[in-house]
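> Below, each chain spelled out in residue letters.
There are 2 protein chains.
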Amino acid sequence: MSSRNLPYRLVEGGVTAPAGFLSNAVQCGIKSAAKLRLDLGLIYSERPAVTAAAFTSNKVKAAPVKLCQAHLRSNDIRAVIVNSGNANACTGPRGICDAKAMASAAAGQLDLNPTQVLVGSTGIIGLPMPMERITPKIPELVKGLSRSKNDDIARAIMTSDTKPKSISIEVPLGSKTIRIGAIAKGAGMISPSMGTMLCYITTDAAVGLAELKKCVSSCVQTTFNRITIDGDTSTNDTVVVMANGAAGNRSIKAGGSQCETFHNALEWVMLQMAKAIVGDGERVTKFVEVIVKGAATHMDARRVAETVANSLLVKCSWNGGDANWGRIMHAIGYSRARIREDLIDIFFDGHIATRNGIAANTPVEVLRKVVAKKEFTVTIDLNIGKAGYNVYTSDLSQEYVDFNRTEYAAPVKA
Amino acid sequence: MSSRNLPYRLVEGGVTAPAGFLSNAVQCGIKSAAKLRLDLGLIYSERPAVTAAAFTSNKVKAAPVKLCQAHLRSNDIRAVIVNSGNANACTGPRGICDAKAMASAAAGQLDLNPTQVLVGSTGIIGLPMPMERITPKIPELVKGLSRSKNDDIARAIMTSDTKPKSISIEVPLGSKTIRIGAIAKGAGMISPSMGTMLCYITTDAAVGLAELKKCVSSCVQTTFNRITIDGDTSTNDTVVVMANGAAGNRSIKAGGSQCETFHNALEWVMLQMAKAIVGDGERVTKFVEVIVKGAATHMDARRVAETVANSLLVKCSWNGGDANWGRIMHAIGYSRARIREDLIDIFFDGHIATRNGIAANTPVEVLRKVVAKKEFTVTIDLNIGKAGYNVYTSDLSQEYVDFNRTEYAAPVKA
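Protein sequences appear in the order of chains R and C.
Per numbering that gives the first Met the number 0, residue 0 is the first one in the first sequence, and the count goes up by one each step.
Per numbering that gives the first Met the number 0, residue 0 is the first one in the second sequence, and the count goes up by one each step.
Extracted from the complex, chain R is given alone in its bound form (with noise of 0.2 Å):
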């Protein structure tokens, strides 16, 4: 990512950038014993932390997810360990046992108690986790953690992803500067909604922590669930914000303006990580925001953006650099939102390709040239109230594209 025209400061380390976290990760030969890859990390904080996290909705809930929720009552986590190649759902009550022999382990070595640790897993659902595998490499796995494994433990997270994702910023804090680091995984898939979504965040400045989870609740609502279509996420979805105060801040409440400055820097921070799981998905050409003005209520418009975004048809037509806004019509139409065909407007980049239901009389080829572009937004003003929403999408690739474009990816105008 180039620095020009960034709110914050980049800063090297992600994870391991704020003060006083450490990272590491090792290879367990949990994803396939042929292919040589890490895929157990650790996260470790050097000072007490106050964390927050956000869970998937999904009714079924991987072992480590009812973990993590049980030891975050207690809120005094100082350790997250994490898996990718077995997700350790559907596994019953030993994928119970598992999660907690997985952090029980971390916790030994690290002479913490295990409830102060959390258990993240990504992967292939319904098998057993291979403890044996697991189990002997936690010693190897403390013992390397340093300031300079945070790439290691970017990859160690990584299932269908093409590329490892982290972020790491500055941020002036009154007198104090803080730092934010993020890693995250998605999935290299056509909808990040097929997918495991884990994000681990961590922060030195020194917050509240009914402020943090605030926090951390409000930021997941416009970052992360405006990728996701609503309730159709994984097992193991899971965002976590630890915040260890080595920054030296006075600790952030809630209504003031530093309260306000972390809140935009956490939501940023997310919203690059939730930017690079749609942009990672494999063959993945477009990077497509769907904002919904003029609903009637923000269920309404959150509706339509969602039922838009996830539209295959819609994805087709955009990997094919064709406007072609009647798919949108289509899809608005089984949004279930109230609508009126007869007043909504369509834009791509600004420029209208449908008004009032029908085609406007913009030229297709200032249309196509916007779809053409790599990143662009289409809004669609339904003019019937003031509630909006927007979500973040791609396109969608491949031969069944070809196919579909054969027939209707024709000219939108005549």
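Quick caveat, the hints were computed from the structure, so don't treat them as lab data.
Among the hints, a few may not be true.
To be verified - Taking lysine to aspartate or glutamate and the DMTMM-like style, the derived pairs with C-alpha atoms no more than 25 Å apart in a straight line are:
(1) K65/C <-> D341/R
(2) K65/C <-> D348/R
(3) K372/R <-> D348/R
(4) K65/R <-> E11/C
(5) K142/C <-> E11/C
(6) K58/C <-> E340/R
(7) K99/C <-> D348/R
(8) K58/R <-> E288/C
(9) K99/C <-> E340/R
(10) K99/R <-> D341/C
(11) K58/C <-> D341/R
(12) K65/R <-> D341/C
Got chain R; can you put chain C on it based on the hints?
Showing chain C alone in chain R's frame:
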């Protein structure tokens, strides 16, 4: 289709198999000037008929759908004119004029009132109809009406379909024999919910209008609505059933055994067309029935069935021959149905894969043999209530499946 083991005798003729029905199709160049393809069809009843229909639930409705709903009020329908290549959707007042012009031109040639003609369209959304190419062809269309042109009209309604879909059967009814004939088109895409579905059915049975309406509404629920995902219907979806009484049976009234016989036969015809639409997805290799049992409510059962059938990850695993029940659990979890993870059982063709939410002891080879078949069932028992639902769906192939395969389509059991 082989006649063996079928509940009805198949006959030739499709929509012209029932007495008193004629059809024809011509080529206007709507689809593409370069390709010589039939794209305008006509079905005509030589006798007065009663007509029942079901239309899309999409809030953006194509002009021909609106026109049909108006023309059905007087219910004196004698003909259907239908084109492919242009959906006449999102075309505003001009679209309505064009649909009316199609009905009027056909009516003029057939010596009917325009309100006696239904109109159907399928194809690209948002383009004005090329009426200058359509209207001049209508005299030829009417002139060529015959009992031997079913194959032509079945082809004329195709868009991305790979083959025409048609069936006709003979049904003993008291001392008479009635016939039911049908043509349909779906979409050669991965999910029928992604394209327009049209189905035109003729019968020479005499049926009361109220009975016919009841039958059509009920049969659509258990057939076409089992291949689309809730609400996700196109701007043009249409099912029309015309009954002209030429078979000379005593008019079918509600409640009698003849009503049941007719209902079952009509349902069977619709089911064959629905299955043909699913099976015609380009590169589809599997036809799968997803059966949900033991749900707390009918809506919950439907949510689970539709969510599983619509899960791209589940469909990918079927394509890869992988009995990946973990992905099914994942989809059940985000279906928003009431569930208890530790009560869920999943079966492939009756072989249990998942018991109480975790892997059952059935050998993987047994499950794989089922998924290797061209047709199989997936049964999900939620074990918390008595409601059920079923849907028909397909696998999903192509490169992006290959991509998904590499990481996750590992053995279900180690």
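> Kindly indicate which numbered hints from before are broken by the structure, ordering the numbers from low to high.
2, 4 and 7
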